[in-house]
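Undergrad: Dock chains B and C against the given chain A, drawing on the hints supplied.
Going down the list, the sequences are from chains A, B and C. Using the working numbering, you'd call the opening residue of the first sequence number 32 and step up by one each time. Using the working numbering, you'd call the opening residue of the second sequence number 3 and step up by one each time. Using the working numbering, you'd call the opening residue of the third sequence number 34 and step up by one each time.
Fair warning: there could be bad hints in the mix.
[As the list claims (entries may be wrong)] The following label-pair restraints were derived from C-beta to C-beta distances:
1. A/Lys165 x B/Arg90: 30 to 36 angstroms
2. A/Thr90 x C/Leu499: 39 to 45 angstroms
3. A/Arg161 x C/Pro364: 30 to 36 angstroms
4. A/Thr90 x C/Arg263: 54 to 60 angstroms
5. C/Arg565 x A/Arg161: 46 to 52 angstroms
6. C/Gly569 x A/Lys49: 55 to 61 angstroms
7. B/Arg90 x A/Gln267: 46 to 52 angstroms
No wet-lab data here; the hints were simulated from the structure. Note that the coordinates shown come from a computational prediction; the quantities given were computed from them, not determined experimentally. Ideal placement from N, C-alpha and C gives every residue a C-beta, glycine not left out.
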Amino acid sequence: MGQAVVDVNDLSRSFGRKIALDGVCFRATAGQVYGLVGANGAGKTTLIKHLLGLLRAATGSVRVFGFDPVREPVRVLGRVGYLSEERELPEWMRIDELMAYTQAFHPTWDASYAGELIETFGLDPSKKVRELSKGMRAQAGLVAAVAHRPELLILDEPSAGLDAVVRRDILDAIVRTVVDDGRTVIFSSHLLEEVERMSDHVTMLHGGRVTLSGALDDVRHSYQRSRVRFAEHFEQPPVLDTALAMEGGGRAWSVVHSGSLERFHHSVLALGGEIVESRDATLEEIFLARAGRSRQPVEAA
Amino acid sequence: MDITINVTDGVPIYRQIVNQVKYLVASGLLKPGEELPPIRTLALQLKVTPNTIVKAYDELEISGVVHKRRGSGTFVSEARPHLALRERRRIVEQRIDGLLAEAHQLNFTADDILRMVRERKAAMDPAADAEPKEVEK
Amino acid sequence: MTLRSPTSAMLWELWRVTRAEIAWKLALPIGLALTALGLAAAFGPADNPARYRSINDFAAAVALSLIVIAPLPGVWISMARLTGGQPGFPLYLGYTRPVRTAWLVGLPMAYLTAMSGAIYLASALVLRVASGHAFPLLPVAAWVAALTVVWLAAAWSTRNMTIQVAVAMLAVVKALGWAVDRLTAVEIPDGFDWPPRLWPALFDWPRTDYAWIALIGLASFGATVAMVTRQRRGDALVSSTWTPGGGLWGRLVGLFGVPCPTSSATRAQLWFDLKSRGVPVLTIGVVLASVTVLVSAVSGPIDAAWNADPTVSCPIKECFWVRAMPPMLTPFMLVTILFLGVNAFGIRRKQGRTYVSAFEAANAYGTAQVAVLKILAQSVCVLAAFIAIGVGVWISMPLLGDGVFIQMFGVPLNSRRSVLTTAFAALAGYEQLALTMVAVGGVVMAVAAFAMLGALRLRYSRLASLASFLLVPYGLLFVWLWVGVRGDPAAFSRLHLDIVYGAMSWSATTVMAITTVYVVWNGFAERVLTLRYASGAVAISLAFAAAWLTVVHMLGVPLTGVSATNAISVASLALLPLTVSVLAPWSYSRIRHT
Chain A
32 MGQAVVDVND
42 LSRSFGRKIA
52 LDGVCFRATA
62 GQVYGLVGAN
72 GAGKTTLIKH
82 LLGLLRAATG
92 SVRVFGFDPV
102 REPVRVLGRV
112 GYLSEERELP
122 EWMRIDELMA
132 YTQAFHPTWD
142 ASYAGELIET
152 FGLDPSKKVR
162 ELSKGMRAQA
172 GLVAAVAHRP
182 ELLILDEPSA
192 GLDAVVRRDI
202 LDAIVRTVVD
212 DGRTVIFSSH
222 LLEEVERMSD
232 HVTMLHGGRV
242 TLSGALDDVR
252 HSYQRSRVRF
262 AEHFEQPPVL
272 DTALAMEGGG
282 RAWSVVHSGS
292 LERFHHSVLA
302 LGGEIVESRD
312 ATLEEIFLAR
322 AGRSRQPVEA
332 A
Chain B
3 MDITINVTDG
13 VPIYRQIVNQ
23 VKYLVASGLL
33 KPGEELPPIR
43 TLALQLKVTP
53 NTIVKAYDEL
63 EISGVVHKRR
73 GSGTFVSEAR
83 PHLALRERRR
93 IVEQRIDGLL
103 AEAHQLNFTA
113 DDILRMVRER
123 KAAMDPAADA
133 EPKEVEK
Chain C
34 MTLRSPTSAM
44 LWELWRVTRA
54 EIAWKLALPI
64 GLALTALGLA
74 AAFGPADNPA
84 RYRSINDFAA
94 AVALSLIVIA
104 PLPGVWISMA
114 RLTGGQPGFP
124 LYLGYTRPVR
134 TAWLVGLPMA
144 YLTAMSGAIY
154 LASALVLRVA
164 SGHAFPLLPV
174 AAWVAALTVV
184 WLAAAWSTRN
194 MTIQVAVAML
204 AVVKALGWAV
214 DRLTAVEIPD
224 GFDWPPRLWP
234 ALFDWPRTDY
244 AWIALIGLAS
254 FGATVAMVTR
264 QRRGDALVSS
274 TWTPGGGLWG
284 RLVGLFGVPC
294 PTSSATRAQL
304 WFDLKSRGVP
314 VLTIGVVLAS
324 VTVLVSAVSG
334 PIDAAWNADP
344 TVSCPIKECF
354 WVRAMPPMLT
364 PFMLVTILFL
374 GVNAFGIRRK
384 QGRTYVSAFE
394 AANAYGTAQV
404 AVLKILAQSV
414 CVLAAFIAIG
424 VGVWISMPLL
434 GDGVFIQMFG
444 VPLNSRRSVL
454 TTAFAALAGY
464 EQLALTMVAV
474 GGVVMAVAAF
484 AMLGALRLRY
494 SRLASLASFL
504 LVPYGLLFVW
514 LWVGVRGDPA
524 AFSRLHLDIV
534 YGAMSWSATT
544 VMAITTVYVV
554 WNGFAERVLT
564 LRYASGAVAI
574 SLAFAAAWLT
584 VVHMLGVPLT
594 GVSATNAISV
604 ASLALLPLTV
614 SVLAPWSYSR
624 IRHT
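The shape of chain A in the complex, shown without the other chains (with noise of 0.2 angstroms):
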């Protein structure tokens, strides 16, 4: 496709005790969009913070545009465009001076452009940050973010806590951010319906680490969903191969299974059931799969 936007190798990263990262590998190529899952505390800001610079990498390495962020902000953080979790701006800034601030950073400022959001928005240029609400700091932060057309924008969490409406509008600057010529987006996000409809690729990290990686078609397509149903009834979930979720109850469940379908397929009819309708995971029961508490936690070999 391209060269690596982003390349992060075996990073791993602890603070204290708690192990944030572990041996993470990460690569973004121009012009696609990624997205990020996984529960709270899983190492996705983490992550995202190490590709700005913010934090040290432990071991490992990490190159964004072929350059070390830590060791040049300058050239990396130049063509990044960024919006935190917490939409940190600060408080005593008017909108307007937000604009000239950032503008000064990145001379491919398109002041036209930020024109047109902040209209588009509704924001009142002459408002203070303080007295923002959470939605329309996420739009002036959003707007700071895009306007200089950065070749990779950086989202953390960019829908959390926001109504629909400025939904709408972030995933609208991420496509327009990713239709101008090969420009890539990487964002996390926990609303799993949003990253199913924008990534082209999904990771999952749990616990620091990756879990799964790939083009979200192909991660689909390699957990199916299908539904159960056995001659006889079942207290418990019965105890199938390569199952990795269950949930239901008495003769009919929903089951989640990844890897082979042939032994998924013996096992059931070994049970006495039959497979009555079978299709791709959703991102959502994948997740809940792969990091949730199911009834049976039973892990494929």
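TA: Frame of chain A, contents of chains B and C only:
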């Protein structure tokens, strides 16, 4: 273009787009030679990543439903009736497969189903004469 | 653990919040006091009983002051942290609990007051047993409790920091004045202040005093309950959300109306630092200077109107000299400016978390450059504020007239002014330049040092706590010896002082040298420092060293033929700019890239 995307039913998004475009072409809502929305516009409208649209358009082009004119956009291919017929058959066959599976669950045989289809059609008789003519068009 | 009633739950909560603070408020003063007493007993001259006794009396007085002052009576830091240091009722989470406001306020108030008093009582009892001196129990405990209750009332009743500070300061002044009044009511023989054997007599206060204290307590409690009720109901100026950046500082920031330059990143960053941190400090300095001049101008007539006989001195309680205020407050003003101006790196404190704003850290600007820019911008503003205050004092000296004395030197202020002018004019040109350079360099280094220490403390919090833990008793020891030598050369051998001083100089210099070498090596390895920057730092250090040595020579300190220790301590100050200028960007790099 009237397309809706459902993330929860398990079908990949690009596949949904492909299916719906094929349906629109087949049912005549998209005329031959008509231009499909540009990738950017459709991506913004559906709130999906543009690469998905690219994938969908590529597959539509491979199956001959649309063709890309360089620099101008994507257009519906000229009328090919046998394609439409094949598409129509496929859609209905999907419904029949679903019906048969459901019937089997509920312990009906194929003969039961055929009988019930005729019964239902008789019940709908007053409107039955109008329907076939519209489909032929 | 089950808590059976709201009261026990609230008490448990208060205990959990304050237990660490109670521990160190007990340990630190008792430890320091015992150290003072022990040192006096050990190092006092055994051959001179009268001297020995006066040394020990002095130590006892110091111990008493320590156990009264060191626990910071009235100030409960752990409670203030609950509101992030802002005024307002800290247990506002209890507003939604089914507890009456009077109880919600009264129980913590009673607990904290009782704890303050109890801490003092415990300390005094321990010292009583250890030293045998009659440390006062109830009277001072009551005084501490009264001060606590008024401070708590000031902090909890209002959301306005100005009112809180004003009331608190007034309370302290009143309390101190009252204490001094009580203590000077008894005749003291021997000229030595407040020897322990007289303490039972000195600290025997009439019943009416206790009645007054009780009354003050009740009044404060009532006022606080009324105001907290308003807060609970969300009336008027109180709300339960603290908007950061608001208040006085926010208004000062808003005064800087220059729009942000977009032409270059450096200018924009400079604008940012000046607007958010530099110009407010400068404004405060200018305001303080103007107030000084104003007060000095009007003080003459006011004093003449209030006090019939201006030349006879009178005890604090009976007359009040406005003219004395400006010179007395000038050091506080300078300290305030320094206190406000030291956070050059913009380290924030929010809900107990200390951090550097990700917005600033994720800026597309080089690490060393932004660190230097921040420090220089802040130093310029602090320096300008100092100059403003200096100018204000300078102008107000003739306005105050000759009636104002600096008691220690017995010299009127106004004539001091001409002495300073003539002394400065008598210096050679290069000496004046050197003096200016040292002064300016000193301010810049101070700002840089504070910024850098803040950054290192943020990043290596455990090491920093350990280091300060070790340094504090060391410094105290040094101060103790220095005071002792000044007051009584026969008792304290010069040798002890020299040993301590020598050890301090040598270790400080070694640490500085090692740190500089390590930081330079590490900085180059991580590309935080460049050759250009390092050579610039060396050049500035050399210039500063030359200026410093000139000033030292000017002051008459011999440079040749002195002991190694003195030479080292002089030289280390010359080395300081180099250390600070490499350590500052390095420490910023440590907190920007954690």
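Undergrad: Against this structure, judge whether each hint is valid.
TA: Quick rundown of the hints versus the structure:
The hint said 30 to 36 angstroms for the Cβ distance between A/Lys165 and B/Arg90, and at roughly 50 angstroms that hint is violated. Judged by the Cβ atoms, the range 39 to 45 angstroms given for A/Thr90 and C/Leu499 is violated: they are separated by roughly 27 angstroms. At roughly 35 angstroms, the beta-carbon separation of A/Arg161 and C/Pro364 lies within the given 30 to 36 angstroms, and the hint holds. Roughly 56 angstroms separates the CB atoms of A/Thr90 and C/Arg263, a value that falls within the hinted 54 to 60 angstroms.
Roughly 40 angstroms separates the CB atoms of C/Arg565 and A/Arg161, a value that falls outside the hinted 46 to 52 angstroms. Remark: the range hint 55 to 61 angstroms for C/Gly569 to A/Lys49 is contradicted by a beta-carbon distance near 41 angstroms. Taking the beta carbon of each, B/Arg90 and A/Gln267 are about 47 angstroms apart, inside 46 to 52 angstroms as hinted.
Hint compliance for this structure: hints 1, 2, 5, 6 are not met, and every other hint is.
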